[in-house]
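Participant: Based on the provided sequences and hints, a complete structural model is requested.
Going down the list, the sequences are from chains F and R. Each residue of the first sequence is one higher than the last, beginning at 1 in my numbering. Each residue of the second sequence is one higher than the last, beginning at 332 in my numbering.
Treat the hints with care, since some could be wrong.
As the list claims (entries may be wrong) - Here are the simulated lysine to aspartate or glutamate pairs, EDC-like style, with alpha carbons at most 16 Å apart: (1) Lys236(F) / Asp296(F); (2) Lys356(R) / Glu261(F); (3) Lys58(F) / Asp89(F); (4) Lys356(R) / Asp341(R); (5) Lys356(R) / Glu14(F); (6) Lys356(R) / Glu26(F); (7) Lys282(F) / Glu261(F); (8) Lys356(R) / Asp176(F); (9) Lys437(R) / Glu388(R).
As the list claims (entries may be wrong) - Here are some of the chain R residues that sit facing chain F, going by a computed Cβ distance under 8 Å: (10) Leu337; (11) Val351; (12) Ser361; (13) Leu366; (14) Ser369; (15) Trp398; (16) Arg408; (17) Gly411; (18) Arg421; (19) Ser442; (20) Val493.
Quick caveat, the hints were computed from the structure, so don't treat them as lab data. Glycine residues also receive a C-beta, built at the ideal position from the N, C-alpha and C atoms.
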Amino acid sequence: MPESSYSRGRAPREGILASNTVSGSEWVSAARLQNHIAGRGRVLVPAMRPDHGTLLAKNAYTYAFRIVPSYQALVRRWRVAVDCSTQVDVSINGATAVTDPRPGDESPARGIVIDEVLGSQTSSESAATVQITGDSAPTVESIECVELPRAFIAADSNEFGVELSPFRGSQPIRADAFENIYAGAMNEDAGRRVLFQWAVPYMIGASTSTSFAASTTSGTFSDVFDVAKPCLARKKFNDGNDFTRCAARVFAWVSGGGVGEVRIASASGNSSTIAIGDTTPKWSAEIDNVRVLHEDLAEADGIPSGGFDDVDVQFRATSGTIYIASALLVE
Amino acid sequence: MSLPYLTRLDTADHVANDAVDTLAKRVIASNLDHLANSHGQVLVNWSAADGSGIEGEAVEWGGVDLWRSQPFALRVRSDGAHFSLRVRLRGRRVTHDAMFIVNVSKPGVVSPLGIPFSSSSTTGAWLSPGVGFSNIIEGTLDSTASMTSNIATPITLGGATVAFTEVTGQISVRLSIPNGETAELTGLHVTEFVGA
Numbered sequence: 001m002p003e004s005s006y007s008r009g010r011a012p013r014e015g016i017l018a019s020n021t022v023s024g025s026e027w028v029s030a031a032r033l034q035n036h037i038a039g040r041g042r043v044l045v046p047a048m049r050p051d052h053g054t055l056l057a058k059n060a061y062t063y064a065f066r067i068v069p070s071y072q073a074l075v076r077r078w079r080v081a082v083d084c085s086t087q088v089d090v091s092i093n094g095a096t097a098v099t100d101p102r103p104g105d106e107s108p109a110r111g112i113v114i115d116e117v118l119g120s121q122t123s124s125e126s127a128a129t130v131q132i133t134g135d136s137a138p139t140v141e142s143i144e145c146v147e148l149p150r151a152f153i154a155a156d157s158n159e160f161g162v163e164l165s166p167f168r169g170s171q172p173i174r175a176d177a178f179e180n181i182y183a184g185a186m187n188e189d190a191g192r193r194v195l196f197q198w199a200v201p202y203m204i205g206a207s208t209s210t211s212f213a214a215s216t217t218s219g220t221f222s223d224v225f226d227v228a229k230p231c232l233a234r235k236k237f238n239d240g241n242d243f244t245r246c247a248a249r250v251f252a253w254v255s256g257g258g259v260g261e262v263r264i265a266s267a268s269g270n271s272s273t274i275a276i277g278d279t280t281p282k283w284s285a286e287i288d289n290v291r292v293l294h295e296d297l298a299e300a301d302g303i304p305s306g307g308f309d310d311v312d313v314q315f316r317a318t319s320g321t322i323y324i325a326s327a328l329l330v331e
Numbered sequence: 332m333s334l335p336y337l338t339r340l341d342t343a344d345h346v347a348n349d350a351v352d353t354l355a356k357r358v359i360a361s362n363l364d365h366l367a368n369s370h371g372q373v374l375v376n377w378s379a380a381d382g383s384g385i386e387g388e389a390v391e392w393g394g395v396d397l398w399r400s401q402p403f404a405l406r407v408r409s410d411g412a413h414f415s416l417r418v419r420l421r422g423r424r425v426t427h428d429a430m431f432i433v434n435v436s437k438p439g440v441v442s443p444l445g446i447p448f449s450s451s452s453t454t455g456a457w458l459s460p461g462v463g464f465s466n467i468i469e470g471t472l473d474s475t476a477s478m479t480s481n482i483a484t485p486i487t488l489g490g491a492t493v494a495f496t497e498v499t500g501q502i503s504v505r506l507s508i509p510n511g512e513t514a515e516l517t518g519l520h521v522t523e524f525v526g527a
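Facilitator: The following block contains the structure:
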């Protein structure tokens, strides 16, 4: 199985000329780089501090997150940091809770680390929950989730690992040796960024709660966040645009027989609008074609002339009340 | 040099027994280099209204630690240094002008060095880095070496684990303010960036 080193090599273009053959060693450089890229793992939940302040003791608060995984991942590492002078319990996806008997009540909080060992591999999106219970009033300082990097990558059509052995000097190279290098070189999913996840509790104990969710009864669009989230996407293709098309979802519901609408506001304007009609909390349909400013790799800090793209979720109720408890923006 | 974007390859063109020409090799090399340069991840992204952030009061000389992330596995450049970190910080004074210092370091170690962001306003805002600083925490060979360690990762699904070298860095924010005074951190955004 090909090795995926933490340190990256280069796949130089220089010296690759039509008048020369491409040597086996140059293909090995490309293969090593592909294995490196495929093994890095994604940040699924960038460190996020819920903005609701201190919670009540002895209540189980549940947050919803949306997982956009890479196929190569085998373990997701969650870390939940909570200020609490007594015991804190954290459960991921309803599994048996992990307990910290005394995390302490001073910032920065000590994190509870939970490895979610996957039973199967997939690149399909899924829902996830984090449940937090403090014996005394807890303050959630951070929720994070990352995919652990891989040491080895399978040389198959799912993981895109590349065997090095077919690229020997002075030996013919079979066509199938190139397949995963070709595929990897066009794999936009490698390095895909989760630009933000935002969540507040949507459930206390076993009951749906509207205590923390953003809500409105207004028919005029308004911002969900008090402060917009700074975002910069990757530059992918040289298409003449200063933005990359991203996708968003919200965890939302309505009451009072209502119907709501949600859109994403960025520097490039507003996205299309989706309707929310579910009366129980649920992840929405995807809001696609959200245009987010991309990095400028020629700048020392990568910040384009337009600056950071401060992105907000906007919502309105055409009738009744709409609630939003989580949101995700991803490339 | 690779091109700073992807070039489309029609993988359907690659069928068994086709020759791989040098043009295809140049495109493949450039694309892989661009993917490796641009696959930095968003490590931290949160923000809050004034009054809903993290208010810190210094109780000892030098200030107080306000917030810390988990150790992230940082991307590494071809020169051996970890990716730089692009930082944006939001904060405000509460009782006294404040300086917030953002740092990346070996897990469990908080350095007083880093990018300083100062505020003299009681209204929260995204702050500019101090004079002489940019929004970038540079990755250096020294800082990379100090954060290199082994982690355990499975080889295959449900399989045995193996010790694996990684560069793991923890993001922290420290508040520098006189004893007994307070300020509030109301937002932090940190992204890996390969550097120009």
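Participant: Does each hint fit the structure? Answer for all of them.
Facilitator: Structure-based check of all given hints:
Restraint check for lysine 236(F) and aspartate 296(F): the C-alpha separation of about 11 Å stays at or below 16 Å, so the hint holds. Taken as a hint, the lysine 356(R) and glutamate 261(F) pair is broken in the structure, with Cα atoms around 48 Å apart against an allowance of 16 Å. At roughly 10 Å between alpha-carbon atoms, lysine 58(F) and aspartate 89(F) fall within 16 Å of each other, so this suggested pair holds. At most 16 Å may separate the alpha-carbon atoms for a hinted pair to count; lysine 356(R) and aspartate 341(R) meet this at roughly 13 Å.
For a cut-off of 16 Å, the pair hint linking lysine 356(R) to glutamate 14(F) stands: about 11 Å separates their Cα positions. Between lysine 356(R) and glutamate 26(F) the CA atoms are separated by roughly 9 Å; this keeps the pair inside 16 Å, and the hint holds. Distance restraint check for lysine 282(F) and glutamate 261(F): the Cα-Cα separation of roughly 14 Å lies within the 16 Å cut-off, and the hinted pair is therefore satisfied. For the hint linking lysine 356(R) to aspartate 176(F), the alpha-carbon distance of about 15 Å falls within 16 Å, and the restraint holds.
Between lysine 437(R) and glutamate 388(R) the alpha-carbon distance is near 25 Å, which puts this suggested pair outside the 16 Å criterion. Annotation: leucine 337(R) was flagged as interfacial toward chain F, and the flag holds, the nearest CB pair being 5 Å apart, inside 8 Å. Annotation: valine 351(R) was flagged as interfacial toward chain F, and the flag holds, the nearest CB pair being 6 Å apart, inside 8 Å. Interface restraint check: serine 361(R) against chain F, minimum CB-CB distance 6 Å, threshold 8 Å, status holds.
Annotation: interface hint on leucine 366(R) holds; nearest CB of chain F at approximately 5 Å, less than 8 Å. This hint holds: serine 369(R) has a C-beta 5 Å from the nearest C-beta of chain F, less than the 8 Å allowed. Restraint check, tryptophan 398(R) versus chain F: the minimum CB separation of about 5 Å is within 8 Å; hint holds. The interface hint given for arginine 408(R) holds, since its Cβ lies 7 Å from the closest Cβ of chain F, which is under the 8 Å cut-off.
Because the beta carbon of glycine 411(R) sits about 6 Å from the nearest beta carbon in chain F, less than 8 Å, this interface hint is met. Satisfaction of the interface hint for arginine 421(R) is found here, the shortest Cβ-Cβ separation to chain F being roughly 7 Å, below the 8 Å cut-off. Because the closest C-beta pair between serine 442(R) and chain F is about 14 Å apart, greater than 8 Å, the hint is violated. With its C-beta approaching chain F no nearer than about 5 Å, valine 493(R) sits inside the 8 Å limit, and its interface hint holds.
The structure fails hints 2, 9 and 19 (numbered hints given earlier, in ascending order).
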